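Following the hints, put chain B in place on chain A, whose structure we already have.
Going line by line, the protein sequences match chains A and B. So that you can map any letter, position 47 of the first sequence is 47 in this note's numbering, and since no number is skipped, the others follow by simple counting. So that you can map any letter, position 157 of the second sequence is 157 in this note's numbering, and since no number is skipped, the others follow by simple counting.
Everything labelled a hint here was simulated from the structure, so no lab data went into it.
When the alpha-carbon atoms are kept at most 25 Å apart in a straight line, the in silico SDA-like pairs for lysine to any residue are as follows: (1) A:Lys-48 <-> B:Arg-158; (2) B:Lys-61 <-> A:Pro-41; (3) A:Lys-48 <-> B:Trp-170; (4) A:Lys-123 <-> B:Asp-274; (5) A:Lys-48 <-> B:Asn-268; (6) A:Lys-87 <-> A:Val-102; (7) A:Lys-48 <-> B:Thr-183; (8) B:Lys-61 <-> A:Leu-45; (9) A:Lys-87 <-> A:Asn-163; (10) A:Lys-123 <-> B:Pro-293; (11) B:Lys-235 <-> B:Ile-249; (12) A:Lys-123 <-> B:Ile-357; (13) B:Lys-61 <-> A:Ser-38; (14) A:Lys-48 <-> B:Pro-266; (15) B:Lys-403 <-> B:Asp-219; (16) A:Lys-123 <-> B:Thr-353; (17) A:Lys-48 <-> B:Ala-65; (18) A:Lys-48 <-> B:Phe-68; (19) A:Lys-123 <-> B:Asn-268; (20) A:Lys-164 <-> B:Pro-269; (21) B:Lys-235 <-> B:Ile-197; (22) A:Lys-48 <-> B:Leu-270; (23) A:Lys-84 <-> A:Pro-155; (24) A:Lys-103 <-> B:Leu-270; (25) B:Lys-379 <-> B:Arg-331; (26) A:Lys-48 <-> B:Leu-171; (27) A:Lys-123 <-> B:Ala-262; (28) B:Lys-20 <-> B:Met-1; (29) B:Lys-61 <-> A:Asn-40; (30) A:Lys-48 <-> B:Val-167; (31) A:Lys-48 <-> B:Asp-179; (32) B:Lys-393 <-> B:Val-329; (33) A:Lys-164 <-> B:Leu-270; (34) A:Lys-123 <-> B:Val-277; (35) B:Lys-61 <-> A:Met-39; (36) B:Lys-387 <-> B:Ala-399.
Here are a few chain A residues that sit away from chain B, every Cβ distance over 10 Å (derived from the structure): (37) Ser-21; (38) Ser-32; (39) Leu-33; (40) Pro-34.
The structure presented is a predicted model; accordingly, all values stated were derived computationally and were not measured. Idealized CB from N, CA, C, for every residue including glycine.
Given next are the chains, with one letter for each unit.
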Amino acid sequence: MAEYEELDDTGRRDFLLKVTSVVGGAGAAAASLPFIASMNPSAELLAKANTEVDLSGIPEGGMHTVAWQGKPVFILHRTPEEIKAMKATNGGLQPEQDSDRVKKPQWLVVIGVCTHMGCVPNKEGPGWTCHCHGSQYDDSGRVIRGPAPNNLEVPPYRFIAENKIMIGQA
Amino acid sequence: MANRIINWIDHRFPLTSFVKHELTGYPTPRNLSYLWNFGFLAGIVLMLQVLTGLFLAMHYKPDAAIAFDSIQHIMRDVNYGWLLRFMHSTGASAFFLVIYIHMARTLYYGSYRAPRELMWWTGQGLLLLLMATAFMGYLLPWGQMSFWGATVITNLFRATPFIGDQVVVWLRGDYSVGDDTLTRFFALHYLFPFLIIGAVVIHLVALHTVRSSNPSGIDLADKDNIPFHPYYTSKDFFGLGVFLIAYFIVVFFFPHSMLEPANNIPANPLITPDHIVPEWYFLPFYAILRSVPNMVGGVVAMGLSVMIFAFMPFLDRSRIPGGGRYRPVYRMLFFIFMLDILVLGYVGFVPPTSQTIAIGQVATIYYFGSFALLPFISKAEDNWLFKRGLPPKILALIASEEKEKTKRRQR
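Bound conformation, chain A alone (with noise of 0.2 Å):
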């Protein structure tokens, strides 16, 4: 039996209160962590998370676009004169060299997904204009026009041949 002080004092109350509020939102913040990550890609899309393209049938100065995790990736298979013409800039609003975008120089891999509002570019003269906002790309895919705020960005990708690249995996 609860002596009448103990009832009286509501500062225990309020504790009590106060605790099973926080334990209570906690709780309510970890049942809702299933149905959010439920929203996210699923194992079947993460399983098909790698590509593997074949590069010899790409002739100098010809793109091929391959898709990769559902977005188009373009191989662009440059000539010596793009490569010299490249090398000779920085790009524009995010200077970058070219030697840090490729692996080899003649294969230019990137994202063909314009940075600004996910268009897919296309090829133009040299380099890319997306037709959404007007952004512009050069060989290199280096943004050269705005609104686009970024590069054309390189996915992880490696030789596993002397002409086969696996788009997903560094």
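Only chain B this time, still in chain A's reference frame:
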């Protein structure tokens, strides 16, 4: 017999008194113009969308492999499927048209002012829900515009600080818009109308607490109110007739006017259409997004361009009740603002060139500038009008309203 049933119910549920207080006998200002029809019309369009959407969902397949074909199935094979779909697609545009007129009326007549701030803010929430519902519904036909519209808009969330990229992947359930995105958008597109209905109930409860505004902007005395039924039921239903004629002219004769030709090409993640345009009701906001050269800045500006209306009750500092009716400067500001929105809509519609970008930037600055300057302009206008002397009729109205208010307070 009927009386006995109603009596039986009334003992257990306030049916008769509810109908009398909130529907038939609900006091409504007698000077409402046809611009006050649009809230009712929005409710009707909501019902139309829920109904046509329900029946469309019985035939539609939310799977990336067959979604596009299921739309063709609805259009060709399902009995009256074409009618259901055209009513639904036209209904989306009609919904925005009705809501924008409803909002423009509120802005023009200053209906957002005290005591109706909560009406305005719940309305703002309803607009956001409507935009989200329309955006998710637009992905479902799984055409090129559907796909790229959803890609561009989900990409906006990259502007989230620190975890932008993860948020985008989480929203899509994939590294790009895909099957998972389509299925969840369908689930949410089905859920959101119910949230809208809930928010509408809150909107209406607030309305019945503060009562309808009216063109004068002054809360009318009881003698100037008339019962909702039969006066406004007949007026609302007449307006509904006019609306339905216009709506079905589009449904039957120009159903494609609201649909993008590019959306008749199945979604292709590797090719972006040359020119991505959102639906007409998003064009002004899209133009603001494109006008800001910085990505995060553009997203913030676009979000703000929708949300900034919520500040109106604080920005308007005039002592003169209402909006455009008795305030010439406010009236002029309103019409220039409407023109500015049309200019933005045009800029959002055409492909970006340096000229249209420049026009868009000027229009964007004017858009935000008119909100930023409103406190000063409304104050200056107020001083000018009081110095010049208000027409005696308005002064009498304001005075009689004050008297009513004090009388109510004393009661």
